[in-house]
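S.K.: Here is how the chains run, residue by residue.
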Amino acid sequence: MGHTITEKILAAHSGEAEVHPGQFVMARVDLMLGNDVTAPLAIEEFRNIGAGRLADAARVVLVADHATPNKDIEAAEQCRMMRDFSREQGVEHFFDVGRGGIEHALLPEEGLVAPGECIIGADSHTCTYGALGAFATGVGSTDLAATMATGECWLRVPESIRVAYRGGPKPWVGGKDLILYTIGKIGVAGARYQALEFCGEAIEALGMSGRLTMCNMAIEAGAKNGIIAPDATTEEYIRSVTGRSYTPQLSDPDAAYAHTVEIDCADIELQVAAPPLPENARPVQQMNDTAIDQVVIGSCTNGRIEDLREAAQVLKGRRVHPDVRLIVVPATRRVHLQAIKEGLAEVFVEAGGALSTPTCGPCLGMHMGVLAKGERAVATTNRNFVGRMGHPESEVYLAGPAVAAASALLGHIGSPEELR
Amino acid sequence: MSDIRGRTHLYGDNVNTDVIIPARYLTTSDAAELARHCMEDIDPEFVSKVEPGDVVVAGENFGCGSSREHAPIAIRAAGVSAVIAKTFARIFFRNAINTGLPALACAEAAASIKGDDEVAVDLASGRIENLTQGRTYQAEPFPPFLQEIVAAGGLVAYTRKRLARR
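So the sequences go chain by chain: E and R. One point on numbering: in our numbering, the residue at position 283 of the first sequence is 816, and numbering is uninterrupted. One point on numbering: in our numbering, the residue at position 82 of the second sequence is 92, and numbering is uninterrupted.
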């Protein structure tokens, strides 16, 4: 019996010839991640463990991205704790304001992630890196602390669900629509404790940006990790960001899956997920009369340059609806710089949008774009839970960049097709 | 012999960590401060109702969403002695194991227990007794690997032991 890519990576990192779903392993971790919300707690627990020094400072990445640029004194103290710890322990991969950006867009871009690697992060969207053929999963702060001390993390080997996408997507339909549609089909607990392995023609044809968007939201179906087999697209992406070597893994043809979900891309319209769960995904046409107050384009899900290009294509030469506030958040400093060089920054500002520095802030209602009671937003982010972006009686509708940009112009939820 | 005895607070499916502790309070990791806002966005009265030892009971996928460990910390610091759910989201579950918040998966208990029932929990056996209804339920046992972490008193103590053996 063969093994899945997830099983093979976990076996290779735990010194086992093979591992099976349900088995507990102590896995050697290639890279571990914390941010300004989760790292302070991890640092406290690291001190409690009493290890003194990091097992390997080169494998630790700390990113100030959540409540940054520091939203208040408490946030400033949390960032300072991370900064001081990085200095003390010699953490070179500490990314401060202006030097980094949103962690899950940043790490691939910095060449810190490669196929076949095992990555944990004290952030649920760590599963993003599966797009590069890595095993990557979100954990808690104490897990990060223990991994900082030992270089290893306990993991239960997940079963895998194979999700196969047949055919090519319709115009404007991208990775966000594919993943929202999939979560709508299987539910927010549909892959609980399992790996979601995305494959098929549409995935092979999908660029790295769309793949990152899809794996990013694997957690919204409850998955432990999302993963895509490394191929020529992966190789090309990796070569553009790093020259280092790596050992890719692929699923065996006779690997065992919990089940397979078959999806025909001809069935996938542009998607919008209504509050309060990402599984409430429906075709955009079904929500056309929903008036909105704010649009956020950005986040670890959809804040890459490809996302901003798509939004700018819709916004160019047009004006944001008078009743709507548009906030555009490039995910990293490189994305921000590229958006300026390509003239996208000008498009957003000319349209009446607010162009922000990289931050996770608005996605989780921490700062920069918090919603008032009764307000409604379309966001290219990943969660539409009660109170996610602000007041518990505010609402978040999830969509891709094209729908978000079109909605900003229309003043209600809508598609780019309505803008003729 | 029960370790835990308290009144239940009942919630539905997919209770996520954003509603357990909203992000606007994540600029601190102070347990008492986090506890003051526990469940605020879905049950503003929870903090005033909860008594030390009480038990949270919920449906499927409890603790889904963000990996914030502040969620189990807030629940525990609010006085809750255990969470019983039909199923748990995986990051919340490992955070609970790692930080010492008893998390018991038991579909029968989740379906049968009502709000404000009095329950007693024996952690070693996973036996849940509903004193109000006169019924007992059996939670899924922890796998041996996890029992070691629980027995050590959480992941910090477990890791300290592992490092000492090296």
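Think of the hints as simulated: they come from the structure by calculation, not from any bench. Any given hint could turn out to be false.
So, partial list: chain E residues that the calculated Cβ filter (under 8 Å) puts toward chain R [as the list claims (entries may be wrong)]:
{"no.": "1", "residue": "Gly583"}
{"no.": "2", "residue": "Ala600"}
{"no.": "3", "residue": "Gln611"}
{"no.": "4", "residue": "Lys757"}
{"no.": "5", "residue": "Glu908"}
{"no.": "6", "residue": "Arg921"}
Beta carbons: idealized from backbone N, C-alpha and C, even for Gly.
S.K.: Would the hint on glutamate 908 of chain E stand, with a C-beta cut-off of 8 Å toward chain R?
M.R.: violated, 15 Å
S.K.: Against chain R, is arginine 921 of chain E within 8 Å by beta-carbon distance?
M.R.: holds, 5 Å
S.K.: Checking hints one by one. Is glutamine 611 of chain E an interface residue toward chain R, by the C-beta closer than 8 Å rule?
M.R.: holds, 6 Å
S.K.: Against chain R, run the beta carbon of glycine 583 of chain E and see if the smallest gap drops under 8 Å.
M.R.: holds, 6 Å
S.K.: How about lysine 757 of chain E: closest beta carbon in chain R under 8 Å, or not?
M.R.: With Cβ-Cβ at 6 Å, under 8 Å, it holds.
S.K.: With chain R as the partner, please determine if alanine 600 of chain E meets the hint condition of a C-beta pair closer than 8 Å.
M.R.: holds, 6 Å
Consistency note: the structure conflicts with earlier hint 5 alone.
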